[in-house]
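Engineer: Read top to bottom, the protein sequences are chains A and B.
Under my numbering, think of the first position of the first sequence as 134, with each following residue one higher.
Under my numbering, think of the first position of the second sequence as 10, with each following residue one higher.
A couple of the hints might just be wrong.
[To be verified] Sample of chain A residues at the chain B side, in silico, Cβ under 7 Å:
{"hint": "1", "residue": "S205"}
{"hint": "2", "residue": "D318"}
{"hint": "3", "residue": "S319"}
[Said to hold, decoys possible] In silico SDA-like cross-links for lysine to any residue, where the CA-CA straight-line distance does not exceed 25 Å:
{"hint": "4", "chain 1": "A", "residue 1": "K243", "chain 2": "A", "residue 2": "S258"}
{"hint": "5", "chain 1": "B", "residue 1": "K325", "chain 2": "B", "residue 2": "K276"}
{"hint": "6", "chain 1": "A", "residue 1": "K494", "chain 2": "B", "residue 2": "S214"}
{"hint": "7", "chain 1": "A", "residue 1": "K372", "chain 2": "B", "residue 2": "K33"}
{"hint": "8", "chain 1": "A", "residue 1": "K531", "chain 2": "A", "residue 2": "D188"}
{"hint": "9", "chain 1": "B", "residue 1": "K123", "chain 2": "A", "residue 2": "K243"}
{"hint": "10", "chain 1": "A", "residue 1": "K494", "chain 2": "B", "residue 2": "K157"}
{"hint": "11", "chain 1": "B", "residue 1": "K24", "chain 2": "B", "residue 2": "G328"}
{"hint": "12", "chain 1": "B", "residue 1": "K280", "chain 2": "A", "residue 2": "K494"}
[What the hints assert, rightly or not] Distance ranges between label pairs, derived from CB positions:
{"hint": "13", "chain 1": "B", "residue 1": "S59", "chain 2": "A", "residue 2": "T543", "range": "37 to 47 Å"}
{"hint": "14", "chain 1": "A", "residue 1": "K283", "chain 2": "B", "residue 2": "S59", "range": "34 to 44 Å"}
{"hint": "15", "chain 1": "B", "residue 1": "M32", "chain 2": "A", "residue 2": "R343", "range": "39 to 49 Å"}
{"hint": "16", "chain 1": "B", "residue 1": "I322", "chain 2": "A", "residue 2": "F165", "range": "52 to 62 Å"}
{"hint": "17", "chain 1": "A", "residue 1": "P261", "chain 2": "B", "residue 2": "Q166", "range": "34 to 44 Å"}
{"hint": "18", "chain 1": "A", "residue 1": "Y373", "chain 2": "B", "residue 2": "S141", "range": "54 to 64 Å"}
FYI, nobody ran anything at the bench for these hints, they're computed from the structure.
Here a beta-carbon is modelled for each residue, glycine too, at the ideal position from N, C-alpha and C.
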Amino acid sequence: MMTSKNTENNINKTSSNGNIPVIEIRSLKKYFPVQTGALSRIFSKDTDFVHAVDDINFSIDKGEIFCLVGESGCGKTTTARILAGLEPETSGEVFWNGKQISFDELKTTKGNVKTQIVFQNPYSSLSPRLRLGEAAQHPLVVHDKIEDKKTRETIKRAYYSEAGLVVSFVISIILFLTATIRKDDSSLWFIAFAFITLILGIGSYIWFGRIQKGKLTDDIIKSIFNLVGLAPPDQYYNKYPHEVSGGERQRVAIARSVVLNPKLLILDEPTSMLDVSLRAGILDLLLSIKDKFDMSILFITHDLATARHFGDRVGVMYAGKIIEIGAVDDLFNNPMHPYTKALMDAIPSPTPRDVEIQLPKGDVPDSINPPSGCRYYPRCKYAQEKCSSELPILRELKENHFVACYYPLTMVQ
Amino acid sequence: MRVINISDKVILEVKNLVIEYPMKEGNLRAVDDVSFSLKSGESMGLVGESGCGKTTIGLSLMRLLKGGEIKAGSINFDDNDVSILSDEDLSKIRGKKISMIFQASQNALNPLQKVASHFIDTFKAHDMWSNSKWDEINKIIERIEISKDRINEYPHQFSGGMQQRIVIALSVILQPTLLIADEPTTALDVLVQAKILKLLRELKSEYNLTMIFISHDLGVVAEITQRLAIMYAGQLVEIGTTKDIFANPQHPYTEALLNAIPDVQDKTKKKQISIPGTPPDLRFEIKGCRFASRCSYRKDICNEEPPELLNIINGKIGGDNPNHKVRCLKYNDDF
Numbered sequence: 134m135m136t137s138k139n140t141e142n143n144i145n146k147t148s149s150n151g152n153i154p155v156i157e158i159r160s161l162k163k164y165f166p167v168q169t170g171a172l173s174r175i176f177s178k179d180t181d182f183v184h185a186v187d188d189i190n191f192s193i194d195k196g197e198i199f200c201l202v203g204e205s206g207c208g209k210t211t212t213a214r215i216l217a218g219l220e221p222e223t224s225g226e227v228f229w230n231g232k233q234i235s236f237d238e239l240k241t242t243k244g245n246v247k248t249q250i251v252f253q254n255p256y257s258s259l260s261p262r263l264r265l266g267e268a269a270q271h272p273l274v275v276h277d278k279i280e281d282k283k284t285r286e287t288i289k290r291a292y293y294s295e296a297g298l299v300v301s302f303v304i305s306i307i308l309f310l311t312a313t314i315r316k317d318d319s320s321l322w323f324i325a326f327a328f329i330t331l332i333l334g335i336g337s338y339i340w341f342g343r344i345q346k347g348k349l350t351d352d353i354i355k356s357i358f359n360l361v362g363l364a365p366p367d368q369y370y371n372k373y374p375h376e377v378s379g380g381e382r383q384r385v386a387i388a389r390s391v392v393l394n395p396k397l398l399i400l401d402e403p404t405s406m407l408d409v410s411l412r413a414g415i416l417d418l419l420l421s422i423k424d425k426f427d428m429s430i431l432f433i434t435h436d437l438a439t440a441r442h443f444g445d446r447v448g449v450m451y452a453g454k455i456i457e458i459g460a461v462d463d464l465f466n467n468p469m470h471p472y473t474k475a476l477m478d479a480i481p482s483p484t485p486r487d488v489e490i491q492l493p494k495g496d497v498p499d500s501i502n503p504p505s506g507c508r509y510y511p512r513c514k515y516a517q518e519k520c521s522s523e524l525p526i527l528r529e530l531k532e533n534h535f536v537a538c539y540y541p542l543t544m545v546q
Numbered sequence: 010m011r012v013i014n015i016s017d018k019v020i021l022e023v024k025n026l027v028i029e030y031p032m033k034e035g036n037l038r039a040v041d042d043v044s045f046s047l048k049s050g051e052s053m054g055l056v057g058e059s060g061c062g063k064t065t066i067g068l069s070l071m072r073l074l075k076g077g078e079i080k081a082g083s084i085n086f087d088d089n090d091v092s093i094l095s096d097e098d099l100s101k102i103r104g105k106k107i108s109m110i111f112q113a114s115q116n117a118l119n120p121l122q123k124v125a126s127h128f129i130d131t132f133k134a135h136d137m138w139s140n141s142k143w144d145e146i147n148k149i150i151e152r153i154e155i156s157k158d159r160i161n162e163y164p165h166q167f168s169g170g171m172q173q174r175i176v177i178a179l180s181v182i183l184q185p186t187l188l189i190a191d192e193p194t195t196a197l198d199v200l201v202q203a204k205i206l207k208l209l210r211e212l213k214s215e216y217n218l219t220m221i222f223i224s225h226d227l228g229v230v231a232e233i234t235q236r237l238a239i240m241y242a243g244q245l246v247e248i249g250t251t252k253d254i255f256a257n258p259q260h261p262y263t264e265a266l267l268n269a270i271p272d273v274q275d276k277t278k279k280k281q282i283s284i285p286g287t288p289p290d291l292r293f294e295i296k297g298c299r300f301a302s303r304c305s306y307r308k309d310i311c312n313e314e315p316p317e318l319l320n321i322i323n324g325k326i327g328g329d330n331p332n333h334k335v336r337c338l339k340y341n342d343d344f
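Go ahead and model the full structure; you've got the sequences and the hints to work with.
Structural biologist: Structure follows, in structure tokens:
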């Protein structure tokens, strides 16, 4: 059944079971202007653009795990950042539960939480100054969702005491300076006042910002800590990020991303910074909280093996384009795009093998002037003349399996 | 089939190596009583989680340890004991006879220097520079599939994979006997990684290199090594041929590591199992087996008696075949 209808609408409808998808992206584009020197900006009129994401379509069903895989620079992280509202789009349409919204509405603001994101590096995504409990609670504070009045007050006081500390520093420095400039009898008074201000500032910070805040715990956070495997939560609540391991940090980052109960959780390579021995644990955790919080997941990774074991559907990206989409088993058992096949072959296999693998020639194309026609044709060993001139669109070659290639592998073989 | 020439000549012999990092709370024993030897032309993988001491061993072979001290043991390379060699003699070996590719080695290239001058500096450091070396440089640049014309460009003009290939070329241009590769592909994409591995394999046979390949990725080491040493918390827990270890892992840690990596070719979708817990804190003395707290075969005795690294054959301890060794009490008769 080889159909070659225009699939732009098709692909969005066929979100594997006919339900209305949680999110649907249509012809999303993101071009970054290339920074050039001041002189060349004056003398040349056109700016170059990096085609980071170039006209992609996909949808994610309720409760589904959709993986975007590809090499670095293929645009997968840019896509994730746009969906998390961290990056403005160049053009494109987005549908949330079947209703068209603007990309701005994906941004997390007060009273509007659609998506949340977990970043790759848990060593830099957690503030070293926030205790783990505070870090996880922070979204609730920002969104005014703390129910308990006393907790709210304590957090507010701690916040003001920090500001007070800075103010008292500034005032006391001014007083000191005045004292040194005047050098008369009143200098002593100025110095005394400076000291008093400083002590008051530091004292209130220690009392409100440290001691009172240190006593704070939050039952919601504790139960979430339990869910993400940080048990017993009391032990973790007051620790600082540097006191726990990378795996535990990533669990805190996950806890923080689900407290606001997003409908779509975006995971940007959540396990690539972790030791192999910890990865499976984090993935299991993600599966269980996905069901508990009733979320869908967009999983960004360059690790095809993880995508195969963790995902439901997968989209393969190359140079800003999605070149193949399908259910994981379908796609990995029967890759149709030559690039997907090459990627799979290149993965070092845990079973030692004796034959040399065939690697695609050359490197990833220039994203400023991408090749005409198929982006992969300069490296493709099946490429024919048509590939260099016409851009292949995604066609549904098997049920729910879309490929953007004129000579897909099943036809070649 | 890949052809590998391994002679019987032992090039490197590490005996009972102990390395400690002095710390406020006491010494951290990063490497504890590690012994292994390498024959000429062999390539061995050193595998383990981060913090297990694999990079420390790699650095100690050239005595590049920062802050760490070799407390005991010897490193015999080519009839010299590297651990006690004078600085002058050491500089004759470093870079020339033993060469190293560092982790994130793209940072090893000087952004202010052209690629060519990196090569020239390498020769000059060992007083080997003459104009005739240009041929050698051009040859290796073409060998790593970079155009000769680009030799006067700066490192930032190359992609990550190209930079890594340049670093590899730099490390083999003096034709070292031993090459230590410390996670040379960790920061790279799969296709680039496959390319680098292929290049390393080919260079290894062209230059008849002996290689130590440090990695946490069992898939990568399977591609490039004939022998494997699995490390855990500063100790070797299993050592054997790559084929044996993958087909028949003997130590519970090796088994757990193999179970933790997903395989893209695996159609059955076998469940990945993570290893619970974390490695022990090496600042404090550990009684018994270091892996005990995370081990699924654990018995009470594991917390009491430290296991030794012993020969194993057909799942039984003993025999005089030193090709496969394991450190586990599981194989004791009374376990």
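Engineer: None of the hints should be skipped; say for each whether it holds.
Structural biologist: Status of the hints after comparison with the structure:
Taking 7 Å as the C-beta contact cut-off toward chain B, the hint placing S205/A at the interface holds, the least distance being around 6 Å. Below 7 Å, beta-carbon pairs count as interface contacts, and D318/A has none with chain B, the closest being about 50 Å; its hint is therefore violated. A cut of 7 Å between beta carbons decides the hint on S319/A: the least distance to chain B is about 48 Å, and the hint is violated. Only pairs whose Cα atoms come within 25 Å are accepted, and K243/A paired with S258/A is accepted, the gap being roughly 21 Å.
A threshold of 25 Å between alpha carbons decides the hint, and for K325/B with K276/B the separation of about 33 Å lies outside it, so the pair is violated. Simply put, K494/A and S214/B have alpha-carbon atoms about 22 Å apart, close enough for the 25 Å limit, and the pair holds. At most 25 Å may separate the alpha-carbon atoms for a hinted pair to count; K372/A and K33/B meet this at roughly 21 Å. Simply put, K531/A and D188/A have alpha-carbon atoms about 22 Å apart, close enough for the 25 Å limit, and the pair holds.
For the suggested pair K123/B and K243/A, the alpha carbons sit about 52 Å apart, so the restraint of at most 25 Å is broken. Taking the CA atoms of K494/A and K157/B, the gap is near 18 Å; set against the 25 Å cutoff, the hint holds. About 21 Å separates the Cα atoms of K24/B and G328/B, which keeps this hinted pair within 25 Å; it holds. Taking the CA atoms of K280/B and K494/A, the gap is near 34 Å; set against the 25 Å cutoff, the hint is violated.
Take S59/B and T543/A: their Cβ atoms lie about 42 Å apart, and the range 37 to 47 Å holds. Distance hint for K283/A and S59/B: a CB-CB separation of about 42 Å, consistent with the stated range 34 to 44 Å. The hinted range of 39 to 49 Å is not satisfied by M32/B and R343/A, whose Cβ atoms lie roughly 28 Å apart. A C-beta distance of roughly 60 Å is found between I322/B and F165/A, which places it inside the suggested range of 52 to 62 Å.
Checked against the hint of 34 to 44 Å, the pair P261/A and Q166/B passes, with Cβ atoms roughly 36 Å apart. At roughly 59 Å, the beta-carbon separation of Y373/A and S141/B lies within the given 54 to 64 Å, and the hint holds.
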